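Peer 1: Residue numbers (our numbering), protein chains in the order written: chain C, 1 to 209; chain V, 1 to 103; chain D, 1 to 101.
Hints listed in this document are in silico derivations from the structure and should not be mistaken for laboratory results.
The model shown is predicted, which means the values in this text are computed figures rather than measured ones.
Honestly, I wouldn't trust all of these hints.
Claimed, not checked - DEER-style ranges, computed between Cβ atoms: (1) 75(D) x 2(V): 53 to 63 Å; (2) 13(D) x 74(C): 23 to 33 Å; (3) 24(D) x 61(V): 16 to 26 Å; (4) 91(V) x 16(D): 52 to 62 Å; (5) 79(V) x 59(D): 15 to 25 Å; (6) 144(C) x 9(D): 16 to 26 Å.
Said to hold, decoys possible - Lysine-lysine pairs mimicking DSBU-like chemistry, simulated, CA-CA at most 35 Å apart: (7) 44(V) x 81(V); (8) 130(C) x 11(D); (9) 21(D) x 41(C).
Yeah, the Cβ is synthetic: ideal placement off N, Cα and C, and Gly gets one too.
Here is what each chain is made of, one letter per residue.
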Amino acid sequence: MSDTPAEAHGHEHPKHELSHYAKRIYAIRDLLLEKGVLTEKDIQCQVEYQEARSPANGSRLVARSWVDPAFKARLIAEPKAACAEMGIDATAINEFVVLENTATVRHMVVCTLCSCYPRPILGRPPDWYKSFNYRQRAVVDPRGVMREFGLNLADDVEVRVHDSTADIRYLVLPLRPKGTEGRGEVELAKLVTRDSMIGVMDALSAVPE
Amino acid sequence: MSRGHHDVGGLPDAGAIEQSEHQLSDWEILADAVNQALGARGIKRTDEMRRAREEMDSETYRDMTYYERWIASIETILIEKKILTKDEIDRRLAEFEKEWGEP
Amino acid sequence: MGRAVSSPASKFKPGDRVRVKFEDRPGHIRTPWYIRGKTGWIERIHGDFLNPESLAYGRDGLPKRTLYLVAFNQADVWGRSAGPSDKVLVDIYEHWLDPAR
Numbered sequence: 001m002s003d004t005p006a007e008a009h010g011h012e013h014p015k016h017e018l019s020h021y022a023k024r025i026y027a028i029r030d031l032l033l034e035k036g037v038l039t040e041k042d043i044q045c046q047v048e049y050q051e052a053r054s055p056a057n058g059s060r061l062v063a064r065s066w067v068d069p070a071f072k073a074r075l076i077a078e079p080k081a082a083c084a085e086m087g088i089d090a091t092a093i094n095e096f097v098v099l100e101n102t103a104t105v106r107h108m109v110v111c112t113l114c115s116c117y118p119r120p121i122l123g124r125p126p127d128w129y130k131s132f133n134y135r136q137r138a139v140v141d142p143r144g145v146m147r148e149f150g151l152n153l154a155d156d157v158e159v160r161v162h163d164s165t166a167d168i169r170y171l172v173l174p175l176r177p178k179g180t181e182g183r184g185e186v187e188l189a190k191l192v193t194r195d196s197m198i199g200v201m202d203a204l205s206a207v208p209e
Numbered sequence: 001m002s003r004g005h006h007d008v009g010g011l012p013d014a015g016a017i018e019q020s021e022h023q024l025s026d027w028e029i030l031a032d033a034v035n036q037a038l039g040a041r042g043i044k045r046t047d048e049m050r051r052a053r054e055e056m057d058s059e060t061y062r063d064m065t066y067y068e069r070w071i072a073s074i075e076t077i078l079i080e081k082k083i084l085t086k087d088e089i090d091r092r093l094a095e096f097e098k099e100w101g102e103p
Numbered sequence: 001m002g003r004a005v006s007s008p009a010s011k012f013k014p015g016d017r018v019r020v021k022f023e024d025r026p027g028h029i030r031t032p033w034y035i036r037g038k039t040g041w042i043e044r045i046h047g048d049f050l051n052p053e054s055l056a057y058g059r060d061g062l063p064k065r066t067l068y069l070v071a072f073n074q075a076d077v078w079g080r081s082a083g084p085s086d087k088v089l090v091d092i093y094e095h096w097l098d099p100a101r
């Protein structure tokens, strides 16, 4: 029985070089297919679902919120419905909460117990979000973490760290950068980085090169 | 009883946040997809998988990479639910390793 | 932060001061160690969810438990706070909370 790889675009290693557990998933997959527990389509659907999800979805939500106050109000009040308006499928999230940053309040999100993350909106979390260092430090030293990402906040700004321990998934709505009046949504979305929607930094202040 | 090895919020001696990212390997994408597919079919719950990882030996837990831990917990839960056996997995892996050649 | 689910049967309401139980219980617990025994207040009622402690062992997670967003002053959790009004907020199930003064 051959191990046809999933139709993915991952980095390919020769299989005999993989670690023990890395190899094992091929055996597990093969057996699950053989026994009819899963189908090839089941697996392929998940690969495609995940590939369709990226921070670009979140950036679009944020950019629209910046230009359209009524949309922003809907995004905060009923996030899943607001996502649906923009063709973003957030139905896999059990309960979705949007955290709005202001001049005096910044939010940051972590999952200290594992790596809970709003995957249906933003795609897979970055490696650092899943790291022990982030999970250990975010709740006790959020300002230190933010400094590493280039964000220095004054003492009179309130930092609110959310530890996402249950079924709630959080998305930070970063502050609109100064001097961006008159810019359109597409331009504005370029300023909204993934890391600004996790809350370790603010949105960019200029379009990246 | 004491705090689990996964329960790391506030533990001291954490270092700088390593911000470099790695492109996922095929096997990691597959692990992710199998995990999600098992959930979509109602075969396992996210909390069962988390519990399986929490019950792992602490040293093993810290030594494994993120997706290796996922694969270990997928295996644990499938065996627990008598969907697969460890023997079957071992045997199928041995067949594949013959195909793949020597490391 | 969006409409909170109003749950007439919920034990706590926003503003109530609560203390997280300090228990060392076996099993799959989603109340982090660092917050156990700490005192904060209810920010939001998230609604009722299946109990992960039961789901983790293949059980059905019923009856659902009320989940709260509980806020804590950083200084009250760690004994220090870099910013004077900094906070940590945790999603905690009702059965892990006691009323506090």
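Peer 1: Indicate, hint by hint, whether the structure satisfies it.
Peer 2: Against the structure, the hints come out as follows:
Distance hint check: the CB atoms of residue 75(D) and residue 2(V) are about 25 Å apart, inconsistent with the given range 53 to 63 Å. Remark: the range hint 23 to 33 Å for residue 13(D) to residue 74(C) is upheld by a beta-carbon distance near 25 Å. Range check, residue 24(D) to residue 61(V): Cβ separation about 20 Å, and the 16 to 26 Å hint holds. Between residue 91(V) and residue 16(D) the C-beta distance comes to about 57 Å, which sits within the given range of 52 to 62 Å.
Checked against the hint of 15 to 25 Å, the pair residue 79(V) and residue 59(D) passes, with Cβ atoms roughly 19 Å apart. At roughly 41 Å, the beta-carbon separation of residue 144(C) and residue 9(D) lies outside the given 16 to 26 Å, and the hint is violated. This hinted pair checks out: residue 44(V) and residue 81(V) have alpha carbons roughly 9 Å apart, not beyond 35 Å. Among the hinted pairs, residue 130(C) with residue 11(D) is consistent with the structure: their alpha-carbon atoms are about 34 Å apart, no more than 35 Å.
Our distance criterion of 35 Å between C-alpha atoms is broken by residue 21(D) and residue 41(C), whose separation comes to about 46 Å.
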